[in-house]
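S.K.: Work out the full structure: start from the sequences and follow the hints.
Line order of the protein sequences matches chains A and B. If you count by the numbering used here, then the first sequence holds residues 17 to 317, one letter each, in order. If you count by the numbering used here, then the second sequence holds residues 17 to 317, one letter each, in order.
Check before you lean on any hint, since a few could be wrong.
One copy or any two copies: either way a pair holds, since identical chains are not told apart in the list.
Unchecked claim - Think about it this way: if two alpha-carbon atoms lie no more than 30 Å apart in a straight line, the pair counts; the simulated BS3-like pairs of lysine-lysine are:
| no. | residue 1 | residue 2 |
| --- | --- | --- |
| 1 | Lys261 | Lys110 |
| 2 | Lys99 | Lys261 |
| 3 | Lys230 | Lys278 |
| 4 | Lys63 | Lys196 |
| 5 | Lys261 | Lys118 |
| 6 | Lys65 | Lys290 |
| 7 | Lys61 | Lys313 |
| 8 | Lys61 | Lys290 |
| 9 | Lys230 | Lys118 |
| 10 | Lys107 | Lys118 |
| 11 | Lys63 | Lys313 |
| 12 | Lys181 | Lys196 |
| 13 | Lys196 | Lys61 |
Just so you know, the hints here were simulated from the structure itself, not pulled from any lab data.
2 protein chains.
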Amino acid sequence: MNLTILGCYAATPRSLTNPTSQVLEIKNHMFLIDCGEGTQVQLRKHKIKFSRINHIFISHLHGDHFFGLPGLISTFRLLGRDKEMHIYGPKGIKEAITLLLKLGDSWTNYLLIFHELSSKESELVYEDDKVTIETIPLNHRVYTNGFLFKEKLGERKLNIDAVSKLNIDKAYYHNIKKGKNIFLDDGREIKNELLTFDPPAPKSYAFCSDTTYKPNIIPLIKNVDALYHESTFLESEEHLTERTKHATAKQAATIAKDANVKKLILGHYSTRYKSIELFKEEARTVFANVELADDGKVFAL
Amino acid sequence: MNLTILGCYAATPRSLTNPTSQVLEIKNHMFLIDCGEGTQVQLRKHKIKFSRINHIFISHLHGDHFFGLPGLISTFRLLGRDKEMHIYGPKGIKEAITLLLKLGDSWTNYLLIFHELSSKESELVYEDDKVTIETIPLNHRVYTNGFLFKEKLGERKLNIDAVSKLNIDKAYYHNIKKGKNIFLDDGREIKNELLTFDPPAPKSYAFCSDTTYKPNIIPLIKNVDALYHESTFLESEEHLTERTKHATAKQAATIAKDANVKKLILGHYSTRYKSIELFKEEARTVFANVELADDGKVFAL
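M.R.: Rendered as structure tokens:
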């Protein structure tokens, strides 16, 4: 599981910093999360193949999380895309994109499938045999969801020594990896746990931006391997969080600690601060394993 | 009159090239022409003060000329703008911007005034005491206008030697500069042309992108000081111009020659070509004074 940060700064794009967008590579998927202005250029810079993106998740309809999407959709068309594209985002996203395509008479040659979200409860929005994706309802100035990406428990790993010693035919490996016991030619039943090891623990990643400090997301994100939580402010600007519906680095760390996550990644920094290191210092007073997102940074999770 | 090219490449933004946007500085105005994705970052890079932009002209509603506008409007709000902003563009532009602001619940604190265009004839869209701006109807896949910026003829220049010799009181200078004759104390009438020189010739600039070769714009842009004309293709791809409604470098040069313009600036290059110098070479076979637009280039006109 790899996370590439394309942009992680609040508000306006600047010469050297980009608004929110990131790519999560998980089980051969490339999921694009948020799409601020300039995302398509960031994708090119970081050599991410456009054709590998088939699912885009938009947290909310503020410009710094969403104004790169119309251009990216148009670019997919110019690149000759024909595979369908799934877009998950707040109700209204379909109307906005459709209007822009209509005004430019620039309909896509590929199918755009919108999954509009409006529930205030967490819901499963994607599932295949290897991954699930659920929404994490957040508290921001407009309707906003985070997203929880979870690998499913994989197949059991074959204990090669054990199956060799028992001369088990390869034809049975498939069932063994599924967890089944098998019967030898002499009629003996061999328990699966003697033939296999536990599969690797499935990984999970939670993206939570933008939001105030919202402790009731904790049950949803409990024990995740990595939590990206917005930290627009430091505690010195905590008084701004209520009006703007953002969080501080310390609040993000408190969520991380109470949810017992393995790693906290901070981002969505207000550009008022001279150094983003301050966010890490503040968060570390509450929670040890803190990392700072930055544009272009890749986290191997 | 200065023209700053913020972006001049066709289709998608890339790491090192930007879609169409330019700033024309004329008589203390900063007019923004087109606003592809990334325009606000280009404005920052080239240190153009956001607050000096009060009028934005959008040629057509294709993404590479327009998808930077929602973000720019939002950034003006974040910067605390309170002056009104005038936006000139095809019918539909108001609906698009309004919908995006509504979905983000991000209404501007300043007044956005839309001047929606739908006429197929050239029309005067802006006038003050120093400048006029008219549309140049173009021929593209969607409704498109170029824009013709013209300085008005200024005041006549005082012939200091002449007025001194005649001991004319400074109180009369205002009327003299307006072109009036004056009467000396002894009753003699002095013709204005003995007291003044002609004012400098007013400058003019025509922006024509995107369009096919369209000779009927020639009367509108006759004798302009500078013509920016799109040249998406070279003649070798002339067969693509009819379907895509774009022009070649040679066609742009033919328009320049037939309109007797002083300088032709080429732009809106397809990214299929290895070098933009090829556009200049081709255009120069028809018209001598050709320059190439490029991102970041400033033309003092």
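S.K.: Each hint: holds or not?
M.R.: Consistency of the hints with the structure:
no.	hint	in the structure
1	Lys261 with Lys110	both (25 Å within a copy, 29 Å between copies)
2	Lys99 with Lys261	between (37 Å within a copy, 27 Å between copies)
3	Lys230 with Lys278	within (19 Å within a copy, 64 Å between copies)
4	Lys63 with Lys196	neither (42 Å within a copy, 68 Å between copies)
5	Lys261 with Lys118	between (34 Å within a copy, 18 Å between copies)
6	Lys65 with Lys290	between (34 Å within a copy, 22 Å between copies)
7	Lys61 with Lys313	both (12 Å within a copy, 23 Å between copies)
8	Lys61 with Lys290	both (25 Å within a copy, 19 Å between copies)
9	Lys230 with Lys118	between (39 Å within a copy, 25 Å between copies)
10	Lys107 with Lys118	both (19 Å within a copy, 12 Å between copies)
11	Lys63 with Lys313	both (13 Å within a copy, 28 Å between copies)
12	Lys181 with Lys196	within (18 Å within a copy, 114 Å between copies)
13	Lys196 with Lys61	neither (47 Å within a copy, 63 Å between copies)
When the structure is compared with the earlier hints, violations turn up for hints 4, 13 and for no others.
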